[in-house]
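S.K.: Residue-level listing of the chains:
Number of protein chains: 2
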Amino acid sequence: MSRYLPILRWGRRYTPALFADDAHAALIVTIMLIPQSLAYALIAGLPPEIGLYASIAPLIAYAVFGTSNTLAVGPVAVVSLMTASAVGRIAETGGPEYIAAAAALAVITGLMLFVLGVMRLGILANFLSHPIIAGFITASGILIAASQMKHILGVSAHGDTLIEITRSLAAHIPQSNIPTIAIGAGTMMFLFLTRAFLEKSLRAVGIPDRLAASIAKAGPLLAVIGSTIAVAALGLETKGVAIVGDIPRGLPPFAIPDLGADRWRELAGAAFLIAIIGYVESVSVAQTLAAKRRERIDLDQELIGLGASNIAAGVTGGFPVTGGFARSVVNFDAGARTPAAGAYTALGIALAALFLTPFLYYLPQATLAATIIVAVLSLINISTVLQTWRYSKSDFAAMMITIFGVFLFGVEIGVVAGVALSIILLLYRASKPHWAVVGQVPGTEHFRNIDRHAVITSPVVAALRIDGNLFFANARYLEDTVLGFVANASTLKHVVLMCSAVNEIDTSALESLEAINERLKEAGVSFHLSEVKGPVMDRLKRSHFLDQLTGRVFLSQFEAMHSLDPATFRLVNGAPSSGLAKTEQEES
Amino acid sequence: MSRYLPILRWGRRYTPALFADDAHAALIVTIMLIPQSLAYALIAGLPPEIGLYASIAPLIAYAVFGTSNTLAVGPVAVVSLMTASAVGRIAETGGPEYIAAAAALAVITGLMLFVLGVMRLGILANFLSHPIIAGFITASGILIAASQMKHILGVSAHGDTLIEITRSLAAHIPQSNIPTIAIGAGTMMFLFLTRAFLEKSLRAVGIPDRLAASIAKAGPLLAVIGSTIAVAALGLETKGVAIVGDIPRGLPPFAIPDLGADRWRELAGAAFLIAIIGYVESVSVAQTLAAKRRERIDLDQELIGLGASNIAAGVTGGFPVTGGFARSVVNFDAGARTPAAGAYTALGIALAALFLTPFLYYLPQATLAATIIVAVLSLINISTVLQTWRYSKSDFAAMMITIFGVFLFGVEIGVVAGVALSIILLLYRASKPHWAVVGQVPGTEHFRNIDRHAVITSPVVAALRIDGNLFFANARYLEDTVLGFVANASTLKHVVLMCSAVNEIDTSALESLEAINERLKEAGVSFHLSEVKGPVMDRLKRSHFLDQLTGRVFLSQFEAMHSLDPATFRLVNGAPSSGLAKTEQEES
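Just so you know, the sequences run in chain order F and C.
If you read the first sequence in my numbering, its first letter stands for residue 3, the second for the next number, and so on.
If you read the second sequence in my numbering, its first letter stands for residue 3, the second for the next number, and so on.
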């Protein structure tokens, strides 16, 4: 029971001291989350209150089902962008249909995560390599920053791809609104400065460290308050500054969104990508923070925790959520010690939704856009791109496909293209495994690559060592290699395939071995195996291959060569085959 | 030049003796191909003359560009089924739009093959594992046989999936036409009997072997002649027997099909699958036959050869083609010695198109359907299904997904689902590589699995050996494994990762190694590597990992353990580390 409800484990040992720490962390995260939740709703193309709604129930659900003590769940930039992309295809941005579809997307995403968790399929996240995630996040950051520029300029540009957005912005620049630009640029500068200097300055004037850190995190909230007052005082909303306006007061509504077959068809693909990407982002943060305190998270239970969060978001009028990086680090630094901190944060946001929204009437959209741009610029990671280029050209190619896929065709095609290319490149590399002809190291019973060592070989028996598993991607290459080798060696009577590096032979490779055996037989050459590992041998025994094999299966390579050409491969010191060769063979 | 035009190689050495052999083979293949080409047009939902058109120009193109001496190119059952599936989605079966789309499909398929050939990407065919191909062909055979039953019964059933077809057939059985059933069932029985007994019987009555074999291959042609005469003589066309009717006389028209952006969008996916599946089917046959005569085919040039064939099919009013199995075996057995045999076959079919079509007026469709059913039943291979079940459950799963995908959702979804599942299962297996904690075998400098051998270990230094490449699919598992191991061993000061089985470390795994190093550092444990292969080391030097590494990189495992805990791991016989350990390390 407590396996699926981690709260039963830590809840029993909850103490007032833990409460004090969790509550302090929750206060700071709440201050940070209020402007973030409004801003991420803006990225998703949703009204601001939806951002608040998505920051209440999901946090409580995660506190019940999640395993990380410090992960802060809620709307995040990349998932909000993916939501906008998915829902924008099927409804008019911001309308009731759009809001309903975003909630349905959250429920579908949540159900997928939940089912993956119950089936213990967290392994699917392995399809996303680090370079693809890094490329995806960098490209999404740039795309988000570009899409928010219209709010900074006070124009109504639009577009889904970077080219469309840039073109539309360029066309609308002449209509820019000067007061809006002043607010937007001013906020950005303020945020950069608080980030760089505020905490240090506060400490310098004698404010205690912990309080200084807390105040510094309030930069976006201060910007919200300052710019709201400025607009209200100067009546800038009449001078063309777009404001947030009326936000409905109250707690999120409970409603199960329409989940008909059409909704599934329209949203399932996007929901799956959001589920996987959200999960990967979230567990990366959670694992990093857990390791710092020697804690561990449960990767499968995390799927259930995030699934519950998204379902909670969807049935309370929200949109897809996941664990956010910056917010979780703040939660960690502020001293959160159990998932309860998230529940207290939810309480803070609920109070904001009940009492704070009237004060947000004059909040300029440019301020929210500025907080978004400053936040996402930290997602853009050029040094990782350069390091990947230096380290691995094929990983770099997958990263570039992802980045330009996102820029030119949108987030979904970008990430799918990246995954497809990385799998293709993986199979491409696996399709040509390293292989070597081996000979006996004089005076030993060891066999080594004839190109690298002075070894003993024979004109009648050749030994090939394949360095890798034999499976569908290289089955054809295996046939080609062995038959090509034999075609060029007319005196051969025996070929030994040394399988010391083979941990698996799948059905395709088995059929290739059968074909090799058959064709060598027609050419009058016997085919032998050596050093076949136990589990591989067990499976071969379940096929007809060993009955058809023209040669034998030898325990050790030395035994094979000595049996087939005793005149060339002699015993060392006249002693029988040493125990060591057998030990190697049995190793698996 | 002769690299891309293989005809320049064999054409220069062409002799009258070669001509005699090729011409004999061409005669037999022509006799076999006339009914086949009509029948496969029926599978594709095209008028019979299109089948003849697809058996002329493509054969000549292959003779110029192909590298197999015995491959017989033309319409084949599986590709015809895929054509019907792709073109049936965008046009009314058999209409002018449908015929034009089939020709466009052939050109697009051909261009894709051609480009893959020029880019030397034949490797893409590796994505199709043997079990998927076997499952696909078996399922297609059953689907084709089911779809042809309506012609045997003389009813007008329809449907794309096995369930639809079966249901429609069942509903129409009461309207069955008795004379049609008599012709269909009679033809099937005749074909089964000629297959089983004719060649043997002819030899028994003293007819020379080669002539007996040739006559036996004429079974379908004899059925065509016999049933055509029966219909004409008995006037069965007035009793409800569907006949082929007027077939336009003459050579194929030359016309470049409409290839606008819409056509590409509609057909590109299907064309890609036809290209890959056709290629795999074709090279499997070509390789098998080439090996029997110690010849070799060029896998990349085959892409160009099949590409040229399909383009030739498309611009002469045909539909997609590839190398056929049964036909190529007949060509081989009949003694074809160069690709010219294919060109002579084309000449035979051209003569048929010019002079034979009026005689086919009374040919009953039931006869063609019967030849199809008898031919495709040999594609159904239940023993392979059973063998795969015994040998590998995961390959069996991929095969079953393919088979039921084809049955329930059609050929394209079937094969894509099979490929997707086999890649998922591959990554799943790769995501949990075998690993072992190793210790020193007493009296040697070798290190072995502590679970399998009595070895020396230390409380302060542990060595982990990972048996596989480190890449995105197992990067997370690597982190989890190493950190989990260390979390349970409180006295540890050093961890050595033994990399003797690691041929590659990609960017994802590199970042995991960095994370492991970082987290072990926080726990006060040094991280070391040993036995890193040369190419892997060269790449690690291009990253920052070695600068950050808290420990060292040791040439041999023994050196590592001896340096880190000399009290436990002693030199053997007081001698320095043996040369053998170094030799192993340098091996790649």
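It should be emphasised that the hints constitute simulated quantities derived from the structure, not laboratory data.
Among the hints, erroneous ones may be present.
Unchecked claim - Over the 12 angstroms line for every Cβ pair with chain F, so calculated as not near, a few chain C residues:
| hint | residue |
| --- | --- |
| 1 | Met114 |
| 2 | Ala136 |
| 3 | Gly208 |
| 4 | Arg251 |
| 5 | Leu261 |
| 6 | Val285 |
| 7 | Thr359 |
| 8 | Ser396 |
| 9 | Phe398 |
| 10 | Arg431 |
| 11 | Ala475 |
Unchecked claim - With a cut-off of at most 20 angstroms between alpha-carbon atoms, the simulated PhoX-like pairs for lysine-lysine come out as follows:
| hint | chain 1 | residue 1 | chain 2 | residue 2 |
| --- | --- | --- | --- | --- |
| 12 | C | Lys294 | F | Lys523 |
| 13 | F | Lys495 | C | Lys395 |
| 14 | F | Lys294 | C | Lys523 |
| 15 | C | Lys395 | C | Lys434 |
| 16 | C | Lys523 | F | Lys395 |
Unchecked claim - A few chain C residues facing chain F, derived, Cβ under 8 angstroms:
| hint | residue |
| --- | --- |
| 17 | Ala173 |
| 18 | Arg296 |
| 19 | Gln389 |
| 20 | Ser394 |
| 21 | Asp397 |
| 22 | Arg478 |
| 23 | Asn505 |
| 24 | Asp508 |
| 25 | Glu513 |
| 26 | Arg541 |
| 27 | Gln550 |
Think of the CB as a built atom: it goes at the ideal place given N, C-alpha and C, for glycine as much as any other residue.
S.K.: Which hints, by number, does the structure contradict?
M.R.: 2, 6, 8, 9, 10, 11, 13, 16, 17, 27
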